[in-house]
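A.B. asks: Residue numbers (the working numbering), protein chains in the order written: chain A, 9 to 208; chain B, 9 to 208.
Since the hints were derived computationally from the structure, they do not count as laboratory data. Any given hint might turn out to be false.
Coverage of chain B stretches by chain A, computed from C-beta distances (three or more under 8 Å per stretch; other residues unrestricted) [unchecked claim]: (1) 20-31; (2) 38-51; (3) 73-83; (4) 94-106; (5) 133-146; (6) 184-190.
Sample of chain A residues lacking proximity to chain B, with all beta carbon distances greater than 12 Å (derived) [claimed, not checked]: (7) 17; (8) 20; (9) 188.
Owing to the predicted nature of the structure, the values given are computational and were not obtained by experimental measurement. Cβ coordinates follow ideal geometry from the N, Cα and C atoms, glycine included.
There are 2 protein chains.
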Amino acid sequence: MDTFEAIKKRRSVKSFDINHKMTRDEITKILESAILSPTSYNIQNWRFVIVTSQEIKDKISELSHGQKQVSEASLVIVLCGDLNSWDKNPERYWKNIPEEPRSMLVDSLRNSYRDKPQMQRDEAMRSCGMAAQTIMLAAKSMGYDTCPMKGFDYDKVGKLINLPDDHIIVMMVVVGKASKQAPPRGGQLPLSEISFKNHF
Amino acid sequence: MDTFEAIKKRRSVKSFDINHKMTRDEITKILESAILSPTSYNIQNWRFVIVTSQEIKDKISELSHGQKQVSEASLVIVLCGDLNSWDKNPERYWKNIPEEPRSMLVDSLRNSYRDKPQMQRDEAMRSCGMAAQTIMLAAKSMGYDTCPMKGFDYDKVGKLINLPDDHIIVMMVVVGKASKQAPPRGGQLPLSEISFKNHF
């Protein structure tokens with residue numbers, strides 16, 4: 009599907025065919041697309057928990073104010089950020105480049121994130137935001153629909169997926185075969201209101 | 009361009025043809041794509057400052073450790089978040105839906121964000137992350153290249169673009185005609201390391 013068609017047709021869908029299963033190849037195709045999204049310093053700080061178990065989807069649905077798209081969708085992808093990825097053998101993020109620039113990058117990376125918890129959190133949000141949109145556009149291009157979500161109990165979902173202590177959940181994206189299309193867009197602001205030429 | 013081709017070919021490009029100008033229609037096409045990205049509650053909390061002035065691009069380049077892609081690119085898009093968009097006449101975000109559900113949404117929105125500065129900030133990061141990836145894929149599909157950036161002096165760039173007090177800068181994306189392609193990807197982590205089945 010053409011990129012612009014995917015961008016236009018991507019909508020937040022709330023009803024999915026609960027009997028539809030996605031193949032392993034389809035799931036892999038979506039994830040392989042997601043990890044081509046950019047991250048600062050190439051730290052690849054996203055972690056993707058792919059929930060296909062109906063039991064766990066149902067539990068997450070309960071922890072999401074009962075929103076049924078979580079139970080019905082074929083996949084629930086919990087996008088998490090590893091807050092300490094900058095400090096976990098970062099040489100591997102640039103293994104294909106010569107040692108000298110790699111070593112400079114490692115120093116610069118550590119200086120950027122060490123003792124900066126807000127920066128670490130912001131980076132998780134930014135990286136997962138970019139990857140989430142890739143997931144949604146890739147899924148749309150494969151004939152699937154999605155719904156990005158943050159209306160759930162983060163602590164309890166974290167316990168359910170054994171979230172490591174130094175990770176945070178950023179958001180979820182559910183993916184599946186739509187059983188009902190989204191209504192028209194709710195109230196888009198005009199470009200003139202949200203874009204500015206050279207400065208505010 | 010096919011969505012998957014755009015996802016695969018999008019790379020962070022550092023060299024652009026400084027003489028290339030994008031047309032107003034091209035810039036509008038990118039922005040009209042960006043605002044089709046999802047936001048929580050449809051709050052559309054992103055704000056896009058489109059810098060085409062060579063003088064301002066040069067100043068931002070200086071504030072970005074002299075990174076030349078900022079000066080050379082046709083556009084510098086500064087993605088900002090309005091931290092208080094949830095409280096600014098939010099009825100307009102759902103003007104197309106009936107009054108009763110709209111009123112419930114407004115109440116729920118206010119309860120989600122009021123007195124929650126970290127949540128407001130997270131939402132700016134998430135929304136701008138998703139919109140940034142849309143911008144990069146849209147630009148790639150139009151034959152342009154991009155570079156997402158956060159390595160700059162946020163305070164000084166904020167002053168330069170007259171950033172309102174209740175806004176934050178999330179990141180920048182520069183867009184232009186590549187004069188040199190990106191080197192091969194630096195060191196991608198395997199899917200097995202960053203994806204998990206049902207739980208960590």
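A.B. asks: Does each hint fit the structure? Answer for all of them.
C.D. replies: To see whether the hints hold, each was checked on the structure:
no. : hint    : in the structure
1   : 20-31   : violated (count 1)
2   : 38-51   : holds (count 9)
3   : 73-83   : violated (count 0)
4   : 94-106  : holds (count 6)
5   : 133-146 : holds (count 13)
6   : 184-190 : violated (count 0)
7   : 17      : violated (9 Å)
8   : 20      : violated (6 Å)
9   : 188     : holds (16 Å)
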